[in-house]
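Protein chains in written order, with my numbering: chain V, 1 to 156; chain B, 1001 to 1255.
Check the hints yourself; a few may be wrong.
Claimed, not checked - The calculated lysine to aspartate or glutamate pairs, modelled on EDC-like cross-linking and capped at a C-alpha distance of 16 angstroms, are:
# : chain 1 : residue 1 : chain 2 : residue 2
1 : B       : 1029      : V       : 78
2 : V       : 69        : V       : 28
3 : B       : 1208      : B       : 1236
4 : B       : 1070      : V       : 32
Just so you know, these hints were derived from the structure itself, not from any lab.
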Amino acid sequence: MATLYDRYSSLVYAVALRVLGDTGAAEDVLQEVFMQLWRNPAAFDSSRGNLGAWLGVITRNRAIDGLRKRRPETDIADVIVSVEPDMANDAERARAMEKIRGALGGMPGAQRSALEMAYFEGLTHTEIAARTGEPLGTIKTRIRTGLQALRKVFET
Amino acid sequence: MSAHEQFADDLALFALGALQGDERLTLEKHLEGCSSCRRELERLRGDMALLALSASGPAPPQRSRERLLKAIAKEPRTQKTLARAQSLWTFLPWLATAAVLLVAAFFWQQSDRLAQQVARLRDQSAQQQAQLEQAREVVSTLTSTDAMRVTLVAAQTLPQPQGKAIYVRNRSSLIFLAGNMPPLPPQKAYELWLIPTKGAPIPAGVFKPDARGSATVIEPPLPAGVEAKTFAITVEPEQGSSTPTMPIVMMGVGE
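Make the full structure from the sequences, and use the hints.
Set out below in structure tokens:
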């Protein structure tokens, strides 16, 4: 567990901190995510993806639940993550990170901000539409195509 | 994909946890029966994982690590005896057979009585039908994939050593977590073995449990693409061995 912590804690903490903006709350999420893995390692199905990706998604969801002060909505065992790059290795993670940042940088500003509001602030499409004054359908599509654009970076 | 376009946007919102109310229920219902949408949901979560990578910042403080390790030490992983839950599966055919035998015995007795009680034939057959239904229900509960299976063990038993190996053959990737491992004699270590379907056991990492009996083996070097039949643990000299020294102290087959 200590090894897993040393490998993935910086990823988990960075995501929690980016969402919550508070080091104490981010430390709590970090603790909670690793305790969940400890209590129920079988929740992560290794045949269906890699641990780093799974932890990234679980962390984001927990942090958003914390931000919106709601109870966790999905069972962690139901979260199956399918992703190309293997995030176990630091070098590969750094390479992937660079590609992602490139993809985000290349997105139209409105799309990137819709995606980031949905992902890091946990705003719903309705809230984003209200904030930006744009049609709901446009926001929905921006979020989806924004997410899908990320995988395209790795499809070559 | 094209048949499911009406769900495409909703799937992304669902992955992000933004979908609520009726829209969410409708989509959840659709996902139950639609493997291509489930697959797209998994990929969207993959995209979310990629987005997680775009976050970067300072490393967590050292106290977080200590806090986690302290919490883990306080909570040995004994409640979830996965291996035992699994072993229930091996009993399933027996339980099913036993249920069938019971039903058969019941029928035999009934038919004997029926010969003498022709007048009550109709009632009896209705009763048999009900019993058969019940037996079917028993078997379907035993074999249902969405059944919750809980193994209860005596509360006072000592924590059992337990290991979990997670192996992905096509990436030759192996993660092993163990808890409650008994302490070793001096100059000895545990060695994990991958026992392939063909050929000799392959060393898959030497480890020593910490003071609390926990240990991990992360991504040991392994030959490519070996199909694993079993994982086993032996006690070896500290530097490890190339062939296992009997006896095997722990062993498990894939789920």
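Does the structure keep residue 69/V and residue 28/V at a Cα separation of 16 angstroms or less? holds (14 angstroms)
Checking one constraint from the list: CA of residue 1029/B to CA of residue 78/V, max 16 angstroms. Satisfied? Roughly 15 angstroms separates the two Cα atoms, so the pair holds.
Is residue 1208/B within 16 angstroms of residue 1236/B, Cα to Cα? Holds. Residue 1208/B to residue 1236/B sits at ~11 angstroms (cutoff 16 angstroms).
Holds or violated: are the alpha carbons of residue 1070/B and residue 32/V at most 16 angstroms from each other? With a Cα-Cα distance of about 13 angstroms, the restraint between residue 1070/B and residue 32/V holds, given a limit of 16 angstroms.
Of the numbered hints given earlier, the model fails none.
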